[in-house]
Structure formats: structure tokens, C-alpha cells
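Undergrad: Each protein sequence line maps, in turn, to chains D and R.
What the first sequence shows, in my numbering, is residues 1 to 426, in sequence order.
What the second sequence shows, in my numbering, is residues 1 to 157, in sequence order.
The set of hints was computed from the structure by calculation and includes no laboratory data.
Mixed in with the good hints, there may be bad ones.
Said to hold, decoys possible - Derived, one-sided and incomplete: chain R residues facing chain D with beta-carbon distance under 8 Å:
hint	residue
1	Gly32
2	Thr105
3	Phe107
4	Ala115
To be verified - Beta-carbon label-pair distances, calculated as ranges:
hint	chain 1	residue 1	chain 2	residue 2	range
5	R	Tyr98	D	Asn346	39 to 47 Å
6	R	Val125	D	Gly182	46 to 54 Å
7	D	Arg398	R	Tyr98	38 to 46 Å
8	D	Gln202	R	Leu27	51 to 59 Å
9	D	Arg314	R	Val125	40 to 48 Å
10	R	Tyr98	D	Thr347	26 to 34 Å
Stated by the list, open to error - Taking lysine-lysine and the DSSO-like style, the derived pairs with C-alpha atoms no more than 27 Å apart in a straight line are:
hint	chain 1	residue 1	chain 2	residue 2
11	D	Lys201	D	Lys225
12	D	Lys225	D	Lys42
13	D	Lys378	R	Lys113
14	R	Lys113	D	Lys359
Quick reminder that beta carbons are idealized off the backbone N, C-alpha and C, glycines included.
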Amino acid sequence: MCQLRFRHAARIVACVIGLAILIDGRTASAETLYKFSGSALKFSPYPDALLTLTISDGAATGQLRPLLGDNTPTVAVNGTNPKDGILELTFSLPSGAKKYTFTKRIKGQQIGWYMETEGVSFYRYTDSPLSDAALTLSEHECGAAYKSLEAEFKRGVTIAGLESFLATDRDVSALPVAYDAGSDARDRPVRKTTDLGSRLKQGLKGKSEPFLFHAPAGVEPYLAKWLRKSGLFVKVDLDSGGCGGADRSYFVVNRGLLFDGNGFSQPKFEQYVATRLQEFASKDDRGTTWPFRLGQPRVTRINVPPYPSSYRIRMYTASEVTRRVPGWWDAFSVSLEPGELIDTKNTDYAVVVTVERLKASKKSPGNSNPPDDAYFTKELSEPDEAEVTVAISRYFSRRDGGWCVFDQEGYEREKHRSVCDGPPSR
Amino acid sequence: MYQGQIRTIVAVIILGGHFLVFLCGLLLGVFGPLLGTDAVQTVLMASPVLGVTATAALMFALRGEVDIARGQKVTGLFAFVTIFFPSALILCIFIVFYAVYVQLTGFGPEQMKIALGAIETFFGVFLGAISDTLFGRQGGGKGGSSSGSAVRTKASR
Chain D
1 MCQLRFRHAA
11 RIVACVIGLA
21 ILIDGRTASA
31 ETLYKFSGSA
41 LKFSPYPDAL
51 LTLTISDGAA
61 TGQLRPLLGD
71 NTPTVAVNGT
81 NPKDGILELT
91 FSLPSGAKKY
101 TFTKRIKGQQ
111 IGWYMETEGV
121 SFYRYTDSPL
131 SDAALTLSEH
141 ECGAAYKSLE
151 AEFKRGVTIA
161 GLESFLATDR
171 DVSALPVAYD
181 AGSDARDRPV
191 RKTTDLGSRL
201 KQGLKGKSEP
211 FLFHAPAGVE
221 PYLAKWLRKS
231 GLFVKVDLDS
241 GGCGGADRSY
251 FVVNRGLLFD
261 GNGFSQPKFE
271 QYVATRLQEF
281 ASKDDRGTTW
291 PFRLGQPRVT
301 RINVPPYPSS
311 YRIRMYTASE
321 VTRRVPGWWD
331 AFSVSLEPGE
341 LIDTKNTDYA
351 VVVTVERLKA
361 SKKSPGNSNP
371 PDDAYFTKEL
381 SEPDEAEVTV
391 AISRYFSRRD
401 GGWCVFDQEG
411 YEREKHRSVC
421 DGPPSR
Chain R
1 MYQGQIRTIV
11 AVIILGGHFL
21 VFLCGLLLGV
31 FGPLLGTDAV
41 QTVLMASPVL
51 GVTATAALMF
61 ALRGEVDIAR
71 GQKVTGLFAF
81 VTIFFPSALI
91 LCIFIVFYAV
101 YVQLTGFGPE
111 QMKIALGAIE
121 TFFGVFLGAI
131 SDTLFGRQGG
141 GKGGSSSGSA
151 VRTKASR
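Bound conformation, chain D alone (with noise of 0.2 Å):
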């Protein structure tokens, strides 16, 4: 009996040991997927690619893969781990190998390899694998940007060949676009709609130049992947030159907030939005509760995967609420637009705030509530604009636990009043 009980204890040792042998040695073969950035490779008409490594005993091997949709052959990768945080990576390109040593940095939960004079960097997260966004789209100088796709199509691509690729997918090329025609009297953009396919016809009588055109949040990994692998195009990625943009705003928050066991849930979406924008509006930061109306919400589902919804109201709020301003009333169009960006986590999810049509109306001591749309005659900046973005970004992710992005190029800082908190890694 003694005997049966001390083989039986052997085994769960035994096994223990070999499993944690087995798991060591995964962990220290493993690949390792990382997202690449440096244009002064020149690897892909991209300024970032994928990086798959394999660090043992001292020496590193590995891929430099294209970004997901793109089908630039992947290059070898190889290279030496003389010590800890220093790598010396090799890429054999088809221009020539070129040589790289990196230093190791580690922000909160994001491991990255830096070679500064040269702009050239890759990393990780330590606890959450790479989005499908980042594993798709590059990161500009002005972070993750969103909503804003640029395209290129190669040349003698002919509209007969478009409207072939466009007839692959109807539900696609059907999506509605916006894009930037001119700018009016205040020297505001023109922003006009149109369908998907429509935009990349008139992109193509641009011959060889980018052309931009505006999709809603969440699906431009989708929409990147199926344009690159159409052939047609010499590259679809996020906006490169996008800096400045006031709407450049999102706030990131777990994902159980949003999602039910079968993802992500729209009912869920609408109740939190719906929950959340009624205490923005209520209270500012001084504690101080003001009146506040808030119009019939619109919730639509966009077509196109991951079919993300879009969740705007109008709203009336009191100034210090909104721009930490006293003395008026504030009245605009909001966004919520939930999405996977290129720094969530899969324990994550993103929501971009976008704020149109600000107004403002004088108060009144004769009215204690939000007067008529009639009383709002005083138009607002885009500066004005994105400080009601940031403040509404900053309360959702300062009430759930989470951050928020804004970027702040082009503004003048001692205007901006509101600030966001960045993620965790930054």
C-alpha cells in the first residue's frame, strides 16, 4: 500500500519536472512576435513589418515579415544575444544585409528594442499578444491614428480591374466613405460622403498619387488587408501625415465592459454609453452637478468586419463640464465608435471619441437648463472641439480604470486644458 502511494507521488513529480522542463524550453526557443518599425530598411513600401525571433543561447534567428495583406517576401533575420539587453540583428535584405544593434527598454508592460540613431525599433507586450490592428497597420509619428486611410494604387491599374476587384465583395465596396473636398470660409475641411468604391474610382483618376478617404473606427484592418491583397494598390495604411488632428482621440477600457461571452455585445455598448454620457454631463470637475439634455441616439452597425457599431447623440451640456470654461452652454454631435487599435490589448478594448458641430450659447440667468438649438449662434474651434474630445475621452477612462490617447500636435498647450492619461506603457 505504502509502496502504490510512493509510486504514485513519483509520477506527479516526474511529471511535474517534464513539464516544466518542456515549458522552459518552449520559452526559451520560442518565437517571439514583435511589431517592427523603421522605414530606413526600406523592407516593404511600409514604414513597419512584423519581427518574429528566436533568442537562445546566445544567438537570435528569425523573420522580418510584411505586415498582415501585404506580400513583400519576408526577409532572414539572424543575429547574436552577447548580453542582456543588448542585440545585434542582421537583416538580409535583397538590397543588401544590413547590421543593427539594439538596446533593450522596458515600459510597464512593453518590452521594446531601440536603435535610436537610426530610427529603428521593435516591440511587445509581455502580457497580451498584438492586436489584429497593429499586426496590420504602421504607427505614424502622432501614434496610432484611426479612421484616416491613405491608398495608392500602382500604376495602369484600370477601372475596368477596379470595378472587378469591387465587385468581389459588395458589402465593402458599398461601405460609406468620407473624404476632404477643399475647405470652407473658416478654413475648416469640406467633408463629403460617399461609397468606398466610388472614393477609389476617383483615387484612381489621381493616377499615381495617395489619396485619403475617411472609414469608421474598427474596421480599417479589414479594410487594409482585403485592398493590399487585391494587387492593385502600392500600399493602403493608415494616414502618414495626420498630425494635428483634433478628433485624434480614444479611450481605452476592459473589454468586459463591452463584451458579453459571445464579444462584443451592442446592447452592452449602448447601456454603458447611454449610463456613462448622462454622469459626464451631470457633474464637473469641481463636483459641481449642472443640467444637461441629451438628444435620441443613433446606433448603427457598419457592414464590414468586424461589424463595429457607432453610437452618436447630440448633446447639451454646460461648458465646465465640457471645456472647464464658466458661463455658457455647449451643444455637439458625439461619436462612440468601439474598435480594436493598434495599442490594445486583447484584454482591452478601444472607444473613439470624435466630437462635430460644436456650438456654444450664452447663459442665462432667466434659464437654469440648456436652451433651444436656436440659442447656439456661436461656432467653436477645432481647438474647442478636441478639448471636449479629451474631456469626455478622460472621464470614461478615468471612471472605468482605463486611458486615454489625445494627440496634442498643432495645439497650442496652454490653451489645452484637459489631458489624457496615456497608456500604462507609454
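Start from chain D and add chain R according to the hints.
TA: Only chain R this time, still in chain D's reference frame:
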């Protein structure tokens, strides 16, 4: 009621009303919901008819430095009409101002300007006639008067 009394009452209504309209229009801009340009436009739009009548009333007041002639007794209808229309004009302007002050739904600064224009147009004819009858230099009849008949000093009597 006598001519002199009517003239005095109407002059006080118009002069005081014009001053209050001007003041309240500016206050709507300073403390109320109107923006600077809207407030100036409001004052300018509310002023023309009242302003012209107020000028005539002011001239009348200035001419009566020592005394205002009592004049003849007027009919009740005359008294009612000459007091009612200036009062109604000022009241209508203040109703419009109040609607803006409490930010009545559907009645914004643009609607206010339209309303003020309509009020000015409607009352312009009546106020012109009343002004001419009470404070005008020429004219005759029961209500009509010249400066000589409207205001007489004690010495001239």
C-alpha cells in the same frame, strides 16, 4: 383729461420706455444670452420708432421749461389711443426681451430680430401719428397742435 396731461403722460411713457428698452437691450448682451453683436443689433432694431417719438417728446419737454399748457379737455378715446399705443409698443418689446431672457424654446436671437422688426413696422404708423398730433410743430384740430399751442409759458397766457 386735458391735452397737457395727455402730452405729459405720453412723453414720460415714451422717454422712460425708450431709456429702459435701450438699457435692457444692453443688459441682455452683458448678462443675458445675447452675444455682443446680437445685443447691439437688438438695441438698434428696437430703437427707430421709439427714438423718433422720444426725440419729439424730448423737444416737447424741453420747450415746456416753465409750464405746459393745460389745454382743452380731450375725449376718452383720444386719451386711450395716445396712451395705449406707446405703452403697447414698449410692452411688446419687453415681452420679446423676456422671451429671450428665459430662452423660450424656438425663439432665438434670429427670431427675436424678426419679431422686433414686425413690432416696429406695426407700431410705426400709429406712433408717427400720435407723435405728430401731440408733439408736432404743425397741425390743428382737436388733437393737432403746434408748439405755440401745445406749450405756453405763463407769460404768454
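Undergrad: Work down the list of hints and note, for each, if the structure agrees.
TA: Evaluated hints:
The beta carbon of Gly32 (chain R) comes within 5 Å of a beta carbon in chain D, closer than 8 Å, and the hint placing it at the interface holds. At its closest, the beta carbon of Thr105 (chain R) sits 5 Å from a beta carbon of chain D; the interface hint therefore holds under the 8 Å criterion. Here the hint on Phe107 (chain R) is kept, as its CB sits about 7 Å from the closest CB of chain D, short of 8 Å. Interface restraint check: Ala115 (chain R) against chain D, minimum CB-CB distance 12 Å, threshold 8 Å, status violated.
A C-beta distance of roughly 59 Å is found between Tyr98 (chain R) and Asn346 (chain D), which places it outside the suggested range of 39 to 47 Å. About 49 Å separates the C-beta atoms of Val125 (chain R) and Gly182 (chain D), a value consistent with the hinted range of 46 to 54 Å. The hinted window of 38 to 46 Å between Arg398 (chain D) and Tyr98 (chain R) holds, with their beta carbons roughly 42 Å apart. One distance hint, 51 to 59 Å for the beta-carbon pair Gln202 (chain D) and Leu27 (chain R), holds here, with the actual separation near 54 Å.
Checked against the given bound of 40 to 48 Å, the beta carbons of Arg314 (chain D) and Val125 (chain R), roughly 44 Å apart, stay inside it. Between Tyr98 (chain R) and Thr347 (chain D) the Cβ separation comes to about 56 Å, which falls outside the hinted range of 26 to 34 Å. Distance restraint check for Lys201 (chain D) and Lys225 (chain D): the Cα-Cα separation of roughly 18 Å lies within the 27 Å cut-off, and the hinted pair is therefore satisfied. Pair hint Lys225 (chain D) plus Lys42 (chain D) holds up; C-alpha atoms about 20 Å apart against a cutoff of 27 Å.
Distance hint between Lys378 (chain D) and Lys113 (chain R) is fulfilled; the C-alpha atoms sit about 17 Å from each other, no more than 27 Å. Distance restraint check for Lys113 (chain R) and Lys359 (chain D): the Cα-Cα separation of roughly 20 Å lies within the 27 Å cut-off, and the hinted pair is therefore satisfied.
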